[in-house]
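> Please construct the entire structure, taking both the sequences and the accompanying hints into account.
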Amino acid sequence: MTQPYYETMYILRPDIPEEEVETHVTKYRDLVTEAGGEVLDCQMRGKRRLAYSIAKNREGIYVQLNHNGDGQQVAPLERAMRLSEDVIRYLTVKQDGPMPAPRSTTGAAGEPQEQPAGA
1 MTQPYYETMY
11 ILRPDIPEEE
21 VETHVTKYRD
31 LVTEAGGEVL
41 DCQMRGKRRL
51 AYSIAKNREG
61 IYVQLNHNGD
71 GQQVAPLERA
81 MRLSEDVIRY
91 LTVKQDGPMP
101 APRSTTGAAG
111 EPQEQPAGA
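Oh and the sequence shown: position 114 is 114 in the working numbering, straight run, nothing missing.
It should be emphasised that the hints constitute simulated quantities derived from the structure, not laboratory data.
In this text the structure is predicted, and so the values were computed from the model without any measurement.
Hints are supplied without guarantee of correctness; some may be wrong.
Cross-link-like lysine to any residue pairs, in silico, SDA-like; alpha carbons within 20 Å at most [as the list claims (entries may be wrong)]:
#, residue 1, residue 2
1, K47, V74
2, K94, M9
3, K56, Y6
4, K27, Y6
5, K27, I16
6, K27, E38
7, K27, R45
8, K56, V87
9, K47, R89
10, K94, V74
11, K27, R82
12, K27, M44
13, K27, V39
14, K27, Y52
15, K94, Q64
16, K47, D15
17, K27, V87
18, K56, P17
Beta-carbon label-pair distances, calculated as ranges [claimed, not checked]:
#, residue 1, residue 2, range
19, G97, E18, 32 to 38 Å
20, T33, K94, 14 to 20 Å
21, G71, I16, 27 to 33 Å
22, R82, E59, 30 to 36 Å
23, A80, E19, 16 to 22 Å
24, E19, A55, 17 to 23 Å
25, K94, E19, 27 to 33 Å
26, E22, D70, 27 to 33 Å
For every residue, glycine included, the Cβ atom is placed at its ideal position computed from N, Cα and C.
Here's what the structure looks like:
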C-alpha cells in the first residue's frame with residue numbers, strides 16, 4: 001500500500017508583484033516543513049482566467065503544492081492561507097496512490113529549472 005500525500009492548490013490575486021508571489025510560495029513551503037511535513041513538489045501554474053469571478057478578480061495566479069506527512073501540516077497551512085488577503089481560493093485534497101514524479105517548474109530558490117527531454 002502506498003503512503004497518501006496531499007495536494008494543495010491555491011490561487012493568488014493577479015495584481016501582486018512577482019517578488020511577492022515568490023514570498024508566498026516560500027512561506028507556504030516553510031509552513032509545511034515546520035509542521036513536520038515534507039514538500040514533494042511545487043509547481044507555478046501561472047496566471048490563468050478564472051471560470052467565475054472570485055472577490056472581483058477574473059484572473060488568478062495558480063500554485064500547486066504536493067506534500068506528505070501525517071496530516072498535521074494541513075491545518076496550519078490552510079489557516080495561513082485563510083488569513084492572507086493575497087490568497088483568493090485554496091483547496092487541499094488527500095491523494096491515495098503513487099506519488100507523481102516531481103515536475104517542478106521552480107527550483108528551491110524560485111529559479112526556473114530545465115525540463116528533461118520528453119517530459
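> It remains to establish, for every hint, whether it holds in the given structure.
Hint-by-hint comparison with the structure:
no.	hint	verdict
1	K47 / V74	violated (25 Å)
2	K94 / M9	holds (12 Å)
3	K56 / Y6	violated (29 Å)
4	K27 / Y6	holds (17 Å)
5	K27 / I16	holds (15 Å)
6	K27 / E38	holds (14 Å)
7	K27 / R45	holds (17 Å)
8	K56 / V87	holds (13 Å)
9	K47 / R89	holds (14 Å)
10	K94 / V74	holds (10 Å)
11	K27 / R82	holds (14 Å)
12	K27 / M44	holds (14 Å)
13	K27 / V39	holds (12 Å)
14	K27 / Y52	violated (27 Å)
15	K94 / Q64	holds (13 Å)
16	K47 / D15	holds (10 Å)
17	K27 / V87	holds (12 Å)
18	K56 / P17	holds (18 Å)
19	G97 / E18: 32 to 38 Å	holds (34 Å)
20	T33 / K94: 14 to 20 Å	holds (19 Å)
21	G71 / I16: 27 to 33 Å	holds (29 Å)
22	R82 / E59: 30 to 36 Å	violated (21 Å)
23	A80 / E19: 16 to 22 Å	holds (19 Å)
24	E19 / A55: 17 to 23 Å	holds (22 Å)
25	K94 / E19: 27 to 33 Å	holds (32 Å)
26	E22 / D70: 27 to 33 Å	holds (28 Å)
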